[in-house]
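J.: Construct the complete structure from the given sequences, taking the supplied hints into account.
Each chain is listed here by its residues.
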Amino acid sequence: MKKTFRKNVIRDLTSSPGRFIAIFIIIALGSGFFAGIGMTAPSMKWTAEKYFEREKLADMRLMSTMGITEDDVKAIASSDGVAAVMPRYSLTAKIKYEDTLPVFSIISLPKNTKASNASYLDRLTILEGRMPKAADECIIDAHAEIPIGEKVEITGETEGAEISILKKRKFEVVGICNSSEYISFSRGRTALGSGEIAGFIYVSEKAFDSDYFTDIAILFDESSKISPFGSEYEELIEEKTDELERLTEERAVLRHDEIVQDARDELSDSQAELDEAQAELDDAKAEADSKLADALLEIEKGEAEYQSGLSDYEANLAEIENGEAQLAKGRADIEASKKQIEEAKAQFAAIPPGVPPERLPINPDELRATIEAGEAQIAAGEAQLNQSEAELTSGRAALEAAKLELDAAAEKLASGRAEYDENAAKARTEIADGQREIDDGQKKIDDGLAEVETIETPEWLFFTRDDNPGYDGFKPNYERISSLATTVPPFMFLIAALVCLTTMTRLVEEQRTQVGTLKAIGLTKRSILMKYLLYSGVISLLGSVFGVIAGVLLFPGRIWHAYSQLYSMGDLQIHLVPLTTAIALIAGIAATMIATFAACYSEQKAPAAELMRPKAPRAGKRVLLERIPLLWKHLSFHSKVTTRNLFRYKKRLIMTVIGVAGCCALLLTGMGLKDSIRDIADRQYGEIVQSDVTVMVDDEATSEEIKSIDKEVGKYGDYLYTSESAITVKHAGKKSNAITVYLSVPKEPEKFSDFVIMPDAKHLGKNINLTKLPKTSDEPNVANGVISKKLADTVAAKVGDVVNVKLASGKKADIFVSGIATNYIYNYIYITPEDYEKTLGSEPVFKIIMLKSDDTSKPAVDAALTKFLETDGIDYAYSSEEMKELMNDVSKNMGAIILLIRLMAAALAIVVLYNLININITEREREIATLKVLGYKKIELFRYIFSESMILTVMGTIAGLFVGIALHSHVMNAVEIDEVAFPKTIHPLSYILAVLFTLICCLAVNIMMQPKLHRIEPVSSLKSPE
Amino acid sequence: MCYNFIEEIVRVHKNEESGRLMANFIDFQDVSKIYKSGEVEIKALADASFSVMEGEFCVIVGASGAGKTTILNILGGIDRATTGRIHLGEREISALSENELTLYRRTDVGFVFQFYNLIQNLTALENVEITTEMGIDPLDPTQVLGKVGLAHRIDNFPAQLSGGEQQRVSIARALAKNPKLLLCDEPTGALDDDTGRHILQLLHDTCKESGTTVVLITHNSVIAEVADRVIHVKNGAITSTELIENPKAISEIDW
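Chains A and B, in that order, give the protein sequences. Heads up, the first sequence is in numbering that gives the first Met the number 0, so the first residue is 0 and it goes up one at a time. Heads up, the second sequence is in numbering that gives the first Met the number 0, so the first residue is 0 and it goes up one at a time.
Hints listed in this document are in silico derivations from the structure and should not be mistaken for laboratory results. Take the hints with a grain of salt, since some may be wrong.
Distance condition first, Cα-Cα at most 27 Å in a straight line; then the derived BS3-like pairs of lysine-lysine [said to hold, decoys possible]:
| hint | chain 1 | residue 1 | chain 2 | residue 2 |
| --- | --- | --- | --- | --- |
| 1 | B | K35 | A | K937 |
| 2 | A | K6 | B | K35 |
| 3 | A | K714 | A | K750 |
Which bits of chain A does chain B cover? Going by a derived footprint, with three or more residues having C-beta under 8 Å, they are [to be verified]:
| hint | stretch |
| --- | --- |
| 4 | 639-652 |
| 5 | 759-767 |
| 6 | 934-942 |
Here the structure is a predicted model, which means the values were calculated and not measured. Each residue gets a CB set at the ideal place from its N, CA and C atoms; glycine is no exception.
T.: Here it is in structure tokens:
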């Protein structure tokens, strides 16, 4: 290139710094925003990928319903393509810390937690303290905010595994960490407690005592070579899932057989034991029987003896009594004899003395002899009697003694009999008990045997990274930015390119005479073209490079910062995507240079002579408005000129309108994004949720407590019990994504509409009533439900379709879509308790109370909350207002990117307007100079130029509002996530602000351009037109 | 101050001395114009002094770059003298502020440009209306256009008019505000002889009929022959001022 020519180019660049800077900034803004936002998602992705690789995030996690054995582990580890496996123990349990009972995941760490251990997956980042060494130490989730040195106690309420697999129940916190397994703050769901897992605890393997592992983490060889977010990875996981499914099926059969065998062995051992016990019992019984028989025999013998003794005694007694009777008789005889003797004596005495015995009737001697003989006889009899009497007395005494002996024997016998009876009874019950026990044991064994027959093959559960709550959320988050990057920045880029195009076309047209001159003095077409291409190339290159560098340095970091509150993956690592970089760099340059080329090309077609002559000024034209004289006549001169000017340069009109419209649309989109996100909470807690307070009843609340809760809550207003459970939903017919939603069951469905309004998404203005569903299914096993609009969209369900739901417990049910209701935060399926029972077989657990406070003022609601939180049996209570604020806080992380969009839109609006007005002024410099000569005042000139650009701006703004509404809706669709349905409305204030800002920009730029207007020398009007 | 007063007396005295009834209308006193372009100073006008009587048809003649345009610019209030004073009637133009200059151009001066400088998207009539919209005592635009012989083309856009016609519109625009002074910058420069002659005639007639003072600059000394007063400019200085007692009729001059 010739020196002079180069000078010419450089002078062109420096002679109009305004234009130079404008193009530079426009291109920098366009490509910077494009590159910056475009690079954000890939950088986030890149950062995550590097993080996963560094922390060895497992690709897959397997669980088995019957645990995982060492053999299983070996089989999986040696499976194709498996780089590393990490078997471990885990369970979810309520832990006791201070007075709370949060649910935690308790997970074992491998023995070797050094970085060099390739099978140490899902690594921890220790933030404070150290890894647990002893069995009763643990390292805890930083999110849990439990300091080192504290002790946590695991309660018996667990999920996943029995508490018995833990050797220790109390752990001392020795470290605080982040876990790569949990990249976001979401720790997962559980059927325990509040349903939310509050955190994790890692303990050493020693803390567990179990024959089998609960789960196994797997890392594949290939996963470090491919992006975990791509379809290739999906394919890998699918393939590996298939392979491992085959493997685990085999393992499951083996495990089943093993378990059955173990059970059988155990049962037969028990049987043998039982049999032995039976034999023992039988022996014992025999022994007891014989012993009892002996005892009985002896007793009976004793009794017989006693009986014979008794009869002896009785015989003796009779004898003695007989003897005594005889004695008495003998005594009587003796008395009678004595009497006779006395009589005889009397007779004898009565014999007169001396009467001869012959004369006497009786011989006295004889008589005397008789008496004497009688007396001797009596005496002998008496002696004999006395002797007998003595004998009898001693006999009786002996008999008395024998009687006593007999009585004693009788007593002894009685007690012996009693004792025997007792012993016999005891022995009988003991034996019976023993037998019963044995029978029970036998029954158990029999049952066990029967049960063994029904043992199912263990089921292996597969979890991929998609099931990881954090991972699961990260993808939509970066995809959201990615989709945002594909909507807003290209739009902005387009505007920027368009404005550059206008500017360059204008530049070439302006330099028409110079082109002609250069051509006339013999420069080739090519070198003239080169000149302008060089000019535009240099500016656009500078702009692009500056823009890309600034954009990439500024935007991704700023956006990541907003997300860093959600994810703990360290600092963002900028990843330059070649394609995006190339587009950002080249597109701006290309647009500018193509415009230049096109303009040059059309200019150059004309011969030099014609070019050197001033281009015939574009003829004025009548506008349509003039055809309506009534209107036209009443227009002021000013308005006439402006109107005609507007339509004179149609290209400029279109360019300006498009440029301004684009900026206004971007501004409106930015504001609208904020509105939509901010609106969510307001709408959810204004239009949908009508209750003011939500009370969660403790799982373990007693019925008395519930009674008092009812009473307490009832004091503040009307309330309704509902049941809410996390479920996953899939379309029954179509292939659709499974998404997590809440199954909400109001206890009294007829009251439900007072607490939650279900606006019919299909018929605006109508609300759905759960008790009067518009459409119901006839199927007996299908529940009729109302589902959230967002859920319907996600699973592609229409009214009349059936969706499959799965509870956390694994229970499944079909729900007929009776209606689709508008809802903004989370997704719900509402069904009646009858339908719940009908399809799920159990009664819903009503643990949530919605309260509609009579006094909705903040102090009243706060007072109620405080009261509830003090009430026994209430787990938690929150106000809708709190939730609203919380949601508003959450949506702030989108705020960063929205603010960027708004700032960029504002900046673009200013630069575009500046550039367009600049062109407007430059193009009409001569006209302005002439008007100055004719005596136009500054204000008149300003109005002359300003009213035109203002009208263009107004037109652009109006067009921009329409474009903005469309763009906003498009962007909202792109950035939406499963849990949230953004209302696609823009606040009136945002419209006003977008319009006002654009107009103010226009006014500001016009004022900014004033000096330029004034700098135009009236003298220049005298020059020949270029 | 004192000096100013004396000068004023001298100026008035001079007028009386000239013997004409007309007052000294335009008065240039030692006017210099120096353009500074970086280090370089270009003296476009050096101590130029001249006067023009009211109602005169004055032609300033000189080669390109002689300084005649500078004189016109300063006189028209679109440029300022570096030193010296300019009076128009009782007003000292050189002492006017920027806004006053604007008002001066707006009400007192009519401009006719070499390249017409019409607003392209305004019809002939509307181009004239521009000035009447802001003029203090405007003439009826249609009448003025009729006077310049364009009654039939008032609704045409400049692009639809010939050069001469455009210049007529330009003159009509200048005249419509009924100016005290009509400044013409090479009004015939871009026109062919015949058309040029017609335009010149129109300007001359205007001068004579309405008594408007006309100052016309040209490099064509032939035009000077029709003037009442001719001022010769060379290298930024006035070389001579001549009063022509019997100016030629325009038809007489040899173009």
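J.: According to a criterion of three or more residues whose C-beta lies within less than 8 Å of a C-beta of chain B, is the stretch 759-767 of chain A covered?
T.: violated (count 0)
J.: Counting residues of the stretch 639-652 of chain A that have a beta-carbon nearer than 8 Å to any beta-carbon of chain B, does the count reach 3?
T.: holds (count 5)
J.: With the threshold set at 27 Å, check whether the alpha-carbon distance from A/K714 to A/K750 stays at or below it.
T.: 18 Å, holds
J.: Between B/K35 and A/K937, is the straight-line Cα distance small enough, at 27 Å or below?
T.: 26 Å, holds
J.: Does A/K6 pair with B/K35 here, judged by a C-alpha cut-off of 27 Å?
T.: Between A/K6 and B/K35 the Cα gap is close to 23 Å, so the pair holds against 27 Å.
J.: Go check the stretch 934-942 of chain A versus chain B for me, would you? Three or more residues, Cβ under 8 Å, otherwise it fails.
T.: holds (count 5)
Checked against the numbered hints given earlier, the structure breaks only hint 5 and satisfies all the rest.
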